[in-house]
Amino acid sequence: MRLFWIRLIVTLTVILGVNYIAWRWLFSLNWDAWWIAVPLIIAETYSLIDVMLFGMTVWRLKVRHGAPPAPADATVDVFITTYNEDLDMVMNTALAAQRITTPHTTWILDDGDRPALLELAQANNIGYVTRSQDWDSSVPRHAKAGNLNNALMETHGEFILILDADQIPDPRILDHTLGYFSDDEVALVQTPQYFVNVPPSDPLGSQAKLFYGPIQQGKDGWNAAFFCGSNAVLRREALMQLGLVRYVKDTEKSVHRALSASRSAIRRARRATDANQPLIRDALNRVESATRDAEVRLAAGEALGDITFQVRSQVDEAVSGLVRADITALRADLDEIRALEVQGRHRVEDSDVMEIPDEVIDRMSARDWSPLGALESVQVVLDLLSVERDGEAQPIMPLATISVTEDMATSMRLHAMGWRSVYHHEILAHGLAPEDIKTMLTQRLRWAQGTIQVMLRENPLVQRGLSFGQRLMYFGTMWSYLVGFVTIVYIAAPVIYLLFGILPVTSLSWDFFLRFLPFMIANQLLFAVVGKGMPTWRAQQYSLALFPTWIKACTTAARNVWFGKPLGFAVTPKARQSGAGSWRLVWPQIVASVALVIAAGVGIARLVAGLNEPLGTAVNVAWVIFDLVIFSVLWRAILYKGFAPDSENQSTTAHH
Amino acid sequence: MELSHRSADGYTIISINGRLNMVSAPQLRQYVTDVVAQNDPFVVIDFAETDFMDSSGLGALVASLKVARQAGGDLRIASVQPQVRMVLELTSMDRILKPYASPSEAYQR
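Protein chains in written order, with the numbering used here: chain A, 1 to 656; chain B, 1 to 109.
Treat the hints as calculated values from the structure; they're not laboratory data.
Check each hint, because a few of them may be wrong.
[To be verified] Sample of chain A residues at the chain B side, in silico, Cβ under 8 Å: (1) Asp326; (2) Ile327; (3) Ala329; (4) Arg363; (5) Met364; (6) Trp369; (7) Pro371; (8) Gly373; (9) Ala374; (10) Leu375; (11) Gln379; (12) Val380; (13) Leu384; (14) Ser386; (15) Val387; (16) Val561.
[Said to hold, decoys possible] Taking CB as the label site, the calculated pair distances span: (17) B/Pro82 <-> A/Glu355: 21 to 29 Å; (18) B/Pro82 <-> A/Asp293: 54 to 62 Å; (19) B/Asn39 <-> A/Arg338: 22 to 30 Å.
We put the CB at the ideal spot given by N, CA and C, even for glycine.
Could you put together the complete structure from these sequences and hints?
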C-alpha cells in the first residue's frame with residue numbers, strides 16, 4: 001500500500017516537475033540576462049533530474065522480511081580493518097566480533113603494523129593480518145582496498161564480514177544475513193551504518209537514515225544495492241572471480257598497449273643513440289623482431305602467457321648475446337695488453353677473466369644490470385610485456401583500486417558480472433561518527449572524491465553487463481554529488497536580483513507560481529512519504545550547505561583521473577579533532593551568507609526607493625532566508641562540542 | 001653520463017658522473033683516448049659519482065686500459081660504488097683492475 005502512494009506521488013512530482021521546467025525553458029527565460037537565466041534554468045533542470053532519479057529509486061522500494069536459513073557449514077571470516085585507530089577501540093570491536101554467534105574466524109587487518117595490536121590479538125586468540133612483504137615501497141598500497149586484498153590472500157572463509165574498526169557488531173549479524181547467500185547468485189549483503197554517538201539533533205548530519213533506508217531499499221529493488229565499505233558480508237568466490245577477470249583484462253590491455261608502443265619506443269631509441277654502434281643496432285633489431293613476432297601471435301589468438309614468455313626468452317637471448325659480445329671484446333683487449341707487457345714495465349696478472357662462467361653472463365644479463373636498460377623507452381615497453389603485474393603487490397586485486405571508495409567501484413563491477421546484492425534493513429552494528437566539523441568534512445570529501453573517481457573512470461552509464469536500472473541507480477548517486485555547482489547558481493540568482501533588479505525569469509506572475517509551487521509541494525510530500533516522517537531535513541541542508549566540499553571533490557577527482565595528480569587523500573580520523581580554526585573550513589559559506597544578507601538589505605532599500613518590484617523582492621528575500629536557514633546548520637556544526645550522552649540522551653546501546 | 005677530468009701530480013683524474021652503460025660506454029673510450037693524447041698517459045678513473053656499470057661499460061673500461069698502456073701509461077680505478085664493485089668482483093676484473101679507495105691513492109708508491 002505504501003508503495004502505491006509512493007508511486008502515485010512520484011508520478012505526480014515528475015509530471016508537475018516536467019510541466020514547470022518545460023515552461024521555464026520555453027516561455028520564461030529572460031534572454032536579456034542570459035548570463036544568469038541560462039545557468040539558473042540548467043541548475044533547475046539538474047534538480048529535476050535529481051528528483052526523477054530519486055523517484056525512480058524509490059519506485060521499486062524493496063522491504064525484505066528476513067533472510068532464509070543460512071547455508072549449512074558456511075565458513076566465515078570477519079575482517080576488522082584498522083590503520084591508526086585507538087587500540088582499545090579496535091579490540092572492543094574485535095572482541096564483539098568474536099562473540100558473533102555463527103561459527104567464524106575473527107581477523108584484525110592492521111594496516112598500521114603495530115606490534116602492540118599483534119600482542120593483544122594473540123592474547124585474545126584473534127587472527128592478525130598485516131601486509132605481506134610483497135607490499136614494499138615500489139608498489140602502490142591502495143589504502144583500505146589494499147589492506148583487504150592482502151587479507152583475502154591470507155584467509156580462506158567462504159564469506160567475509162567486513163567491519164570498520166569502530167563498528168561494534170551485534171552477535172546476530174551473521175545469523176541474520178548469511179541466509180541470503182543460499183541464493184547462489186548473491187555476492188553481497190549490506191546492512192545499515194548506524195552511529196551511537198550522535199544526538200537526536202544530529203548537528204553534523206551523520207545518520208544517513210534516508211540512504212540506509214529508502215534509498216538502499218529502492219536500489220535493492222533494482223538489484224543495485226551497493227557496498228558501503230563496512231557492515232557488509234561478501235562472497236569470496238565472487239570477489240575472487242572479479243579479481244581474476246580484472247587481472248586478465250588488465251594484462252591484455254597492458255600487453256596490447258606495450259606492443260603498440262614498442263614501435264615508437266624502438267624508433268625513439270634508434271634516434272636517441274648512436275645507430276652506428278653495432279651492438280645497439282643489433283640489440284634493437286632483435287627486440288623489434290621479438291615484438292613483431294608477438295604481435296602476430298597475439299592476433300592469432302595465442303595465450304598471453306606463452307606470448308610474453310616467448311618475447312622474454314628472445315629478448316633475454318639478445319641481451320646475453322650483448323653481454324657475451326662485450327666480454328669477448330674485453331678478452332681480446334686483455335690479450336693485446338698482455339702482448340704489450342712483454343716489453344713494458346706493467347704486468348697484468350693472469351686472471352679468471354679469460355673464462356667467465358655462464359652464471360656470470362646470466363647475472364650481467366639480468367633485468368637490473370642488462371645493457372638494454374640503457375635504452376629506457378625500450379625497457380619500459382618490455383616490462384609491460386609481462387603477465388606478472390610487477391607494478392602491483394599481488395596480481396589478483398579483488399577489491400577495486402580505481403577509487404578511494406573501493407566499495408562502490410567493487411559492487412558495480414560485481415553487478416556488471418551478473419552477481420546480485422541484498423540490502424538488509426536492520427541495524428546489526430553500532431559505530432562512531434565524526435564528532436567535529438573538520439573530521440566530518442574530510443570524510444564527506446573522501447566519499448565524494450571516490451564517487452566522482454568511479455564516475456570518471458568507469459561511468460556506469462556505459463558499463464557493459466549492467467541493466468538499465470542498475471546504470472541509473474549508480475549514476476544517480478554520482479549525479480547527486482554534482483550539486484555543488486548548482487548551489488552556487490541558487491545563491492547567485494537572488495543576490496543578483498536584489499542588488500541590481502535583474503530577474504532571470506521574464507516575469508514573476510501567476511504563470512510562475514502556478515507551475516512552481518505544486519512541483520515544490522509534491523517534491524516535499526515525496527520526501528515526507530518516503531521518509532515516513534523521519535527527519536530528512538538535515539540531509540537536505542547538508543547537501544546544499546557543503547557546496548564547496550562537493551566542488552572540491554569534483555575538481556580534485558577530475559585532476560586525479562585525467563592528469564594523475566594526487567587527491568590529497570586522508571584517512572578519516574576516528575578521534576575528535578581540535579575545534580580551533582573551524583571557521584576557516586567554511587569560509588566560502590560565510591562569504592555567501594554575508595553576500596546574501598547584504599543583498600537582502602540592498603534589495604529592501606531598492607524597493608523603498610522604487611527601483612525593485614514588491615513581488616520580486618518578496619520572492620527573493622524569501623529565497624535568501626531559505627539559503628540562510630540552510631547554511632545555519634554549519635553554525636551548529638562549528639559550535640558542536642562533541643557527543644555528550646547525558647545532555648541529549650539516546651536510547652541505543654552505548655558501548656563506551 | 002657526464003665526463004670530466006682534472007690534472008693531479010703526474011697523472012690525470014677522469015670522473016664519470018652517471019651511468020656507464022651500453023649507450024654511454026663508447027664515449028668513455030673516446031674521452032680516455034683524448035686525455036691520454038693531450039695530457040698524461042697515466043689516468044685514474046674516479047667512480048665516486050658512478051652508480052651503475054653494465055657489461056658494455058666494463059668493456060669500455062678495459063678498452064681504455066689498453067689505450068693507456070699503448071701510450072706507455074696506465075689506467076687505474078678508484079672510489080667504486082657497490083654495484084660497480086659487484087660487477088668487477090663477479091667477473092674477476094678486480095684481479096686486473098684493483099679498485100683504490102681514492103684517486104690520490106692510486107699512484108702512491
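The hints, checked one at a time:
A cut of 8 Å between beta carbons decides the hint on A/Asp326: the least distance to chain B is about 4 Å, and the hint holds. The interface hint given for A/Ile327 is met, as the beta carbon of that residue sits about 6 Å from the closest beta carbon of chain B, less than 8 Å. Contact between A/Ala329 and chain B, as hinted, is supported at the beta carbon level, the nearest pair being about 5 Å apart and thus within 8 Å. Hint status for A/Arg363 relative to chain B: holds, with the closest Cβ pair at about 6 Å, below 8 Å.
The criterion of a C-beta within 8 Å of any C-beta in chain B is met by A/Met364, whose closest approach is roughly 5 Å, and the hint holds. With a least beta-carbon distance of about 6 Å to chain B, the hint placing A/Trp369 at the interface is held under the 8 Å criterion. For the restraint placing A/Pro371 at the interface with chain B, the shortest Cβ-Cβ distance is roughly 4 Å, inside the 8 Å limit, so the hint holds. With 8 Å as the threshold, the beta carbon of A/Gly373 comes within range of chain B, its nearest partner Cβ sitting at about 7 Å, so the hint holds.
Interface restraint check: A/Ala374 against chain B, minimum CB-CB distance 4 Å, threshold 8 Å, status holds. Evaluation of the A/Leu375 hint against chain B yields a held restraint, the C-beta minimum of about 7 Å falling below 8 Å. The beta carbon of A/Gln379 is not positioned within 8 Å of any beta carbon in chain B (closest approach about 11 Å), and the interface hint is therefore violated. Contact between A/Val380 and chain B, as hinted, is not supported at the beta carbon level, the nearest pair being about 15 Å apart and thus beyond 8 Å.
With 8 Å as the threshold, the beta carbon of A/Leu384 stays out of range of chain B, its nearest partner Cβ sitting at about 21 Å, so the hint is violated. Violation of the interface hint for A/Ser386 is found here, the shortest Cβ-Cβ separation to chain B being roughly 21 Å, above the 8 Å cut-off. Taken as an interface hint, A/Val387 does not check out: its beta carbon lies about 26 Å from the nearest beta carbon of chain B, beyond 8 Å. Violation of the interface hint for A/Val561 is found here, the shortest Cβ-Cβ separation to chain B being roughly 34 Å, above the 8 Å cut-off.
Distance hint for B/Pro82 and A/Glu355: a CB-CB separation of about 26 Å, consistent with the stated range 21 to 29 Å. A hinted range of 54 to 62 Å is violated for the C-beta pair B/Pro82 and A/Asp293, which are about 37 Å apart. For the pair B/Asn39 and A/Arg338, the supplied restraint of 22 to 30 Å holds, since their beta-carbon distance comes to about 26 Å.
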